[in-house]
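J.: Construct all of the structure, not just a fragment, from the sequences and the given hints.
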Amino acid sequence: MNRNLDRIQRNGKIMMLAYDQGLEHGPEDFDSKNYHPEYICDIASQGKYTCLAMQYANARKFWLPKYAHVPMIVKLNGKTKLGPEALSVTNASVDEAIGIGASGVGFTIYLGSDHEAEMIREFSEIRRQAHRYGLVVIAWMYPFITKPSSNDDELEADIVAYAARAGAELGADVVKIKYPRQPEKLPWIIKNAVGTKAILSGGDKTSDEDFVLKVKQFMNAGGAGVAVGRNAWQHPQPLFITEKTRKVIWPE
Amino acid sequence: MNRNLDRIQRNGKIMMLAYDQGLEHGPEDFDSKNYHPEYICDIASQGKYTCLAMQYANARKFWLPKYAHVPMIVKLNGKTKLGPEALSVTNASVDEAIGIGASGVGFTIYLGSDHEAEMIREFSEIRRQAHRYGLVVIAWMYPFITKPSSNDDELEADIVAYAARAGAELGADVVKIKYPRQPEKLPWIIKNAVGTKAILSGGDKTSDEDFVLKVKQFMNAGGAGVAVGRNAWQHPQPLFITEKTRKVIWPE
Amino acid sequence: MNRNLDRIQRNGKIMMLAYDQGLEHGPEDFDSKNYHPEYICDIASQGKYTCLAMQYANARKFWLPKYAHVPMIVKLNGKTKLGPEALSVTNASVDEAIGIGASGVGFTIYLGSDHEAEMIREFSEIRRQAHRYGLVVIAWMYPFITKPSSNDDELEADIVAYAARAGAELGADVVKIKYPRQPEKLPWIIKNAVGTKAILSGGDKTSDEDFVLKVKQFMNAGGAGVAVGRNAWQHPQPLFITEKTRKVIWPE
Amino acid sequence: MNRNLDRIQRNGKIMMLAYDQGLEHGPEDFDSKNYHPEYICDIASQGKYTCLAMQYANARKFWLPKYAHVPMIVKLNGKTKLGPEALSVTNASVDEAIGIGASGVGFTIYLGSDHEAEMIREFSEIRRQAHRYGLVVIAWMYPFITKPSSNDDELEADIVAYAARAGAELGADVVKIKYPRQPEKLPWIIKNAVGTKAILSGGDKTSDEDFVLKVKQFMNAGGAGVAVGRNAWQHPQPLFITEKTRKVIWPE
Amino acid sequence: MNRNLDRIQRNGKIMMLAYDQGLEHGPEDFDSKNYHPEYICDIASQGKYTCLAMQYANARKFWLPKYAHVPMIVKLNGKTKLGPEALSVTNASVDEAIGIGASGVGFTIYLGSDHEAEMIREFSEIRRQAHRYGLVVIAWMYPFITKPSSNDDELEADIVAYAARAGAELGADVVKIKYPRQPEKLPWIIKNAVGTKAILSGGDKTSDEDFVLKVKQFMNAGGAGVAVGRNAWQHPQPLFITEKTRKVIWPE
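Protein chains in written order, with this note's numbering: chain B, 89 to 340; chain H, 89 to 340; chain W, 89 to 340; chain R, 89 to 340; chain C, 89 to 340.
If you are wondering where the hints come from, they were derived from the structure by calculation, not from laboratory data. There may be inaccurate statements among the hints.
Remember, identical chains collapse to one label, so a pair may be satisfied in a single copy or spanning two.
[Said to hold, decoys possible] Cut-off 27 Å, straight-line C-alpha distance, at most; resulting in silico cross-link-like pairs (DSSO-like, lysine-lysine):
| no. | residue 1 | residue 2 |
| --- | --- | --- |
| 1 | K279 | K121 |
| 2 | K273 | K136 |
| 3 | K169 | K121 |
| 4 | K304 | K136 |
| 5 | K304 | K169 |
| 6 | K136 | K169 |
| 7 | K136 | K154 |
| 8 | K332 | K304 |
| 9 | K332 | K149 |
| 10 | K273 | K149 |
| 11 | K169 | K154 |
| 12 | K302 | K149 |
| 13 | K293 | K101 |
| 14 | K149 | K335 |
| 15 | K273 | K154 |
In this text the structure is predicted, and so the values were computed from the model without any measurement.
T.: Take a look at the structure:
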């Protein structure tokens with residue numbers, strides 16, 4: 089459907105290095121090395137990630153010519169975690185992403201939020217523009233259920249499956265989804281992203297074993313890859329865990 | 089009024105296969121066969137449905153050339169059931185529907201919702217564009233009453249009649265309406281969709297007898313057809329129930 | 089000010105047949121004859137009404153060439169009574185009204201509603217477009233006071249006078265206003281629609297005597313006419329009450 | 089800054105006749121003479137007011153060629169007092185004001201209202217357009233404090249000074265401000281409208297002595313004039329109080 | 089990245105004179121000298137500030153040709169402190185800033201406010217336009233936490249660091265941030281504004297010693313300068329404190 093998809097995958101699989109936490113979570117995720125986008129670009133380059141995702145301003149400033157071989161996904165929308173609203177709006181345009189040579193764009197939709205409709209509307213316009221120019225569209229499909237037990241619920245397999253499906257029906261080329269509380273349902277979840285590639289959202293830093301196990305489960309269930317973030321750049325040896333992840337995605 | 093109406097009807101009657109549940113309800117409606125849009129396209133094709141309704145992304149990807157003889161209605165708006173707001177916004181445009189060769193567009197209006205006005209405004213713009221290019225406009229006229237006893241009320245015959253009428257007055261070519269609690273009022277309900285065709289929304293999966301009976305009542309009351317969804321593609325033998333339905337709509 | 093005003097009046101007086109209840113109230117206002125817009129067009133034609141008001145879709149479908157001698161006012165906005173919001177938005181455009189040959193447009197403003205500002209803004213744009221093309225602009229000036237005793241208050245003479253005045257200051261050519269609780273204040277009310285014609289909103293079906301008395305009072309107070317709706321088309325003999333009304337408006 | 093300012097002042101001073109109460113307050117401010125805009129135009133003309141302010145529709149209909157020597161300020165926004173929201177939106181455009189030959193435009197900003205931001209945004213666009221075509225921009229700077237003691241507070245000198253300052257910083261050529269509870273602070277208030285002319289909002293009808301005293305205090309404090317409304321046209325002898333006011337503004 | 093940055097810095101350091109308090113706080117910040125923008129322009133000129141920030145209307149009127157050597161930053165958005173909403177909207181455009189010869193634009197974002205998304209959206213459009221024409225973009229990054237202890241929290245070092253980071257990720261060339269409660273964390277805070285210059289928001293008037301100490305801490309931590317406001321123009325000898333500040337920023 090989208091020929092540019094080939095630019096961000098290897099043998100049909102995706103290993104994305106994700107770095108949109110600066111806006112989403114603030115510096116609390118960072119240390120004296122990984123606060124700097126060039127450190128991230130180095131990991132992406134040396135770790136042979138198939139793509140790298142950043143907010144536009146970081147991509148514009150730090151995705152230097154020497155990193156041009158790492159395809160860029162510009163994360164177009166975002167919000168801080170300081171406010172009460174689950175509304176993520178664009179802070180850069182598809183044109184700007186094209187202007188710096190990006191291969192695709194990323195966009196978060198908080199399904200179930202009071203503002204779901206507004207994000208669907210904006211996503212659809214972004215999707216239309218991006219596809220017109222041959223860019224890959226990756227949807228961060230994050231449920232945001234507004235009842236008290238929200239944090240728990242959002243990882244229920246049924247909700248993750250719904251998120252995957254919704255991303256597919258909204259026209260994303262790739263959906264980035266959360267790890268479900270019931271991993272045995274992963275095949276069903278991924279199957280529902282019918283016609284769309286599903287990649288695992290790496291989530292919080294965990295142990296190497298735990299992380300690699302999750303990636304394995306996801307790939308075995310039919311997943312197309314993983315978006316590694318804190319598990320790589322918060323790791324004391326990013327290339328070590330990257331190597332382990334890579335071997336899961338592209339086993340010999 | 090709209091010559092394209094002929095493309096989605098046979099002898100003035102409509103049998104639509106509806107498949108917008110992936111976004112509206114999530115995968116909980118699906119099993120290992122019907123999660124896939126091609127399975128649906130196959131049913132539509134073999135079952136001789138007069139049209140098929142899907143979200144844009146599914147239509148774009150799975151309404152393959154081999155299904156081109158089944159006219160497509162692109163459902164332009166949608167929402168998940170995860171959030172609190174009864175607001176359905178477009179996730180694709182009339183231009184995009186035209187771009188893939190659709191015969192018409194579908195749009196849900198939640199009458200009585202806090203956001204009724206916003207959906208009427210968006211629907212009206214869609215209607216204008218669609219009619220300019222000769223596309224059929226089908227309105228999913230769904231009351232969404234915000235009082236406690238909501239779920240019950242929405243099937244009251246008076247409310248269904250109101251929905252049918254509102255769809256007609258807003259310029260839909262076809263209104264898709266719910267089965268009323270008082271089926272004896274169906275003639276009055278359908279009459280009120282004056283100048284507009286009324287089709288029955290199939291609703292949840294029920295027994296074959298019950299479903300066929302409802303379709304009979306609806307057709308006898310002057311209805312123009314039915315939108316079959318879960319009653320066909322959740323059926324172990326979709327073509328069996330399709331055949332039965334078809335015979336009700338076009339009796340020999 | 090607006091030469092088209094002549095097309096909807098006779099000797100400076102207006103007798104409008106109003107039929108926007110299908111969207112506003114639903115079929116509960118209808119019976120087996122008056123649910124059909126052609127029945128209304130027949131009354132308008134035979135009853136020598138100076139104009140007829142309908143939603144766009146009804147006008148487009150049922151205001152057939154044989155009724156072309158009855159000038160059409162396309163009611164551009166509307167809402168159902170099912171929801172909580174007093175917000176009426178356009179479901180058709182001035183261009184569409186022009187496209188079917190209308191003489192004017194109608195628009196409801198719920199003064200005092202939470203959404204007053206939004207309707208004033210939209211009305212003003214409609215007024216501008218309509219006047220640019222020589223269409224008459226008729227404002228349904230309906231107070232919608234959001235305090236508990238709302239239904240009573242909205243007929244207080246002071247509120248009706250305010251509504252008339254506001255319509256005039258907002259640039260309507262004609263204001264359609266409610267019958268006040270204190271009819272002795274009608275001259276003051278009508279005077280305040282300075283430079284703008286005031287017509288009486290017929291309201292619910294009442295007895296012939298009562299209705300004719302109200303019209304008399306209104307005309308004697310300086311009114312420019314009446315918008316008859318349910319009092320005509322819910323009447324067993326619409327032409328009988330029409331005749332009586334006509335004689336009040338244009339006495340010999 | 090704005091050469092058109094000369095058209096609405098005499099020796100740098102402004103005496104405006106303000107008549108936007110029909111929309112803002114309704115007919116309760118009127119009697120059998122002053123309900124009519126021509127009566128107001130007559131006062132403005134005979135009383136040698138330096139300008140006259142009205143809603144667009146009144147100006148369009150009643151500011152006849154014989155009054156062309158009285159410069160017109162079209163009040164572009166407004167609201168009724170019937171609703172809960174302190175939001176005043178435009179009901180006419182700068183282009184329309186230009187189209188009837190106005191010298192300037194007026195716009196109300198309710199500072200401190202929930203909708204302050206919306207009015208600042210709309211005002212700024214109006215200011216931009218008006219200045220592009222050489223029209224004077226007059227801001228009705230009215231605090232609308234949403235705490236219980238609102239009505240009292242809004243006349244506190246500090247609040248009036250803030251209103252004057254805000255109008256100046258937002259780019260108004262003239263700010264129309266309320267009389268403060270602490271008139272001894274008028275020099276400070278007016279000084280803060282730096283680079284912008286401050287005129288007194290006449291307010292409710294009061295005694296001749298009281299009104300003239302307030303105007304005197306305002307002019308002595310450095311004010312540029314006054315906007316007289318009800319104190320003139322509710323006066324049994326409008327030209328009498330006008331004459332007295334004029335002598336204060338332009339003493340021999 | 090932005091060559092215009094050179095116009096507002098000296099040896100890579102910025103000393104801005106900030107004067108947007110008239111709209112933000114009202115005249116309560118002013119006395120009989122500093123209420124006047126020319127007084128501010130004089131301080132900026134004589135004190136050798138590297139730039140001056142004002143609302144558009146003040147800049148347009150008082151940034152006279154004789155002050156042209158002081159680069160102007162037009163503060164494009166603002167709000168009063170009278171209302172409940174933490175929403176700051178533009179009252180002038182990038183085009184207007186360019187029209188008077190400004191070197192850059194300023195924009196406040198209240199992170200964590202209910203309206204964060206709206207300000208991010210508007211800021212992003214401003215950033216795009218400003219960069220297209222080579223103007224510097226300075227973001228006033230102010231957290232506005234909506235919990236009871238709001239005023240305290242907003243100075244927590246973690247929140248200030250988040251603000252700095254968010255400004256950088258949103259594409260500002262310079263972020264203006266608050267002094268943190270834990271000054272020992274300033275190096276970390278400033279480091280997180282990666283690729284973007286951080287300047288200290290001077291805040292309320294304090295003692296000379298205190299102010300100079302804060303500036304020293306900020307510069308030692310890697311800061312790019314300071315935005316002095318009330319500490320300069322509320323000072324009895326503005327050039328005295330300016331001189332002291334300047335020596336901290338550009339030590340010999």
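J.: Does each hint fit the structure? Answer for all of them.
T.: Now the hints, each set against the structure:
1. Within a single copy, K279 and K121 get their C-alpha atoms only as close as 38 Å, which misses the 27 Å cut-off; across copies the closest is 11 Å, which meets it.
2. In this homomeric assembly, K273 and K136 never come within 27 Å of each other (Cα to Cα): the closest approach is 30 Å inside a single copy and 35 Å across copies.
3. In this homomeric assembly, K169 and K121 come within 27 Å of each other (Cα to Cα) only inside a single copy, at 23 Å, whereas the closest approach across copies is 40 Å.
4. For a Cα distance limit of 27 Å, the shortest separation of K304 from K136 inside one copy, 19 Å, qualifies, whereas the shortest one across copies, 44 Å, does not.
5. With identical chains, the CA atoms of K304 and K169 are never at most 27 Å apart, being 30 Å at best within one copy and 31 Å at best between copies.
6. When the C-alpha separation of K136 and K169 is checked against a cutoff of 27 Å, the pair qualifies neither within a copy, at 31 Å, nor between copies, at 39 Å.
7. Only within a single protomer do K136 and K154 lie at most 27 Å apart by alpha-carbon distance; the minimum there is 14 Å, versus 40 Å between protomers.
8. In this assembly of identical chains, K332 and K304 lie within 27 Å of each other by CA distance solely inside one copy; the values are 10 Å within and 47 Å between copies.
9. Taking the closest pair of Cα atoms, K332 and K149 never come within 27 Å of each other, the shortest separation being 30 Å inside a single copy and 34 Å across copies.
10. Taking identical chains as interchangeable, the C-alpha atoms of K273 and K149 lie at most 27 Å apart only when they sit on different chains, with a minimum of 25 Å there against 41 Å within one chain.
11. In this assembly of identical chains, K169 and K154 lie within 27 Å of each other by CA distance neither inside one copy nor across copies; the values are 33 Å within and 46 Å between.
12. With identical chains, the CA atoms of K302 and K149 are never at most 27 Å apart, being 33 Å at best within one copy and 30 Å at best between copies.
13. Within a single copy, K293 and K101 get their C-alpha atoms as close as 22 Å, which meets the 27 Å cut-off; across copies the closest is 38 Å, which misses it.
14. For the identical chains of this complex, K149 and K335 are neighbours neither inside a copy (31 Å) nor across copies (31 Å), given an alpha-carbon limit of 27 Å.
15. When the C-alpha separation of K273 and K154 is checked against a cutoff of 27 Å, the pair qualifies neither within a copy, at 41 Å, nor between copies, at 33 Å.
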